[in-house]
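Chain by chain, the residues run as shown.
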Amino acid sequence: AQSVTQLDSHVSVSEGTPVLLRCNYSSSYSPSLFWYVQHPNKGLQLLLKYTSAATLVKGINGFEAEFKKSETSFHLTKPSAHMSDAAEYFCVVSESVSGGSNYKLTFGKGTLLTVNP
Amino acid sequence: SAVISQKPSRDICQRGTSLTIQCQVDSQVTMMFWYRQQPGQSLTLIATANQGSEATYESGFVIDKFPISRPNLTFSTLTVSNMSPEDSSIYLCSVRGQGSGYTFGSGTRLTVV
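So the protein lines, in turn, are chains R and L. Going by the working numbering, the letters in the first sequence line up with residues 868 to 984, in that order. Going by the working numbering, the letters in the second sequence line up with residues 726 to 838, in that order.
Just so you know, these hints were derived from the structure itself, not from any lab. Any given hint could turn out to be false.
Claimed, not checked - Here are the computed distance ranges between Cβ atoms for each label pair: (1) Leu887/R x Val787/L: 36 to 44 Å; (2) Thr918/R x Pro764/L: 29 to 37 Å; (3) Ser794/L x Pro907/R: 27 to 35 Å.
Every value quoted in this text rests on a predicted model; they were computed, and no experiment measured them. No residue lacks a Cβ here, since even glycine has one placed at the ideal position from N, Cα and C.
Chain R on its own, in the form it takes in the complex (with noise of 0.2 Å):
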C-alpha cells in the first residue's frame, strides 16, 4: 500500500528567501511522485512528476524536487519565493494497483505556503 507524509501543514515565508516543502512516502512498488498545487478557488495544477527518469525534477515557476529513494522523500524547493506561490501544496504518489494498469494517486494531506512582503 502506498502512503504520503507531508511534513508540515503550513509553512511561511518571507518573499525572495528559499521554500522548502517536505514529503516522505511509502511504496510498495516503483512509484511516480508528483507536486500539485491549488491556488485558492482555483483547480490543481501539476507542478512537476518524478517518473523513474532523472532523480532531480524540475517543474513550472522555478520548482524543483529531488527524489531520494534511500530517504523515501520527495521535498519541493524553490530558490526564491514569490507572493505569487502562495497556496496549497500537495505531494502525491502514484503506484499500479495489483501490477496491473490500474494506476491510483494517493495524496498527501496537503502544507499550506504563506508568503510574507
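For this one, chain R is given, so just place chain L on it according to the hints.
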C-alpha cells in the same frame, strides 16, 4: 495534456436531493477518477471508472450513494445521492494522460443545506 470540462462549477442543494456532476474530456481515456475534497482536507479517491465496466469504489464509498456512469471514453458522471450537509465538499474528476501525468477538472463546489 487532456482538457477536462466539469460542470456544474458549484451548486447549493437541499438535503435529501441528488446532484449529478459531469466531466467531458477532449480526448479518449481509459480510466477516469472521481475525488472528494472535504473542507480544509486533502483529496480522497471515491472511485475509478472504466468504460464498459462497473466502477471500482474505494473503502468507505458505495455505489448507492455515489453512482457513476461511464457511457463512452470521453464522458463520465458522478451522482451524489440523498445528500446531507456532510456531503458538502469539492468533487473533482481526473484522467491519466500521456507520460503518467494526471489532469484534473476544475471541480464542483457542493453545499448542502
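Comparing the hints with the structure gives:
1. At about 40 Å, the CB distance of leucine 887/R to valine 787/L agrees with the hint of 36 to 44 Å.
2. Restraint check, threonine 918/R to proline 764/L: a C-beta distance of roughly 32 Å satisfies the suggested window 29 to 37 Å.
3. The beta-carbon spacing between serine 794/L and proline 907/R, approximately 31 Å, falls within the hinted interval of 27 to 35 Å.
When the structure is compared with the earlier hints, no violation turns up for any of them.
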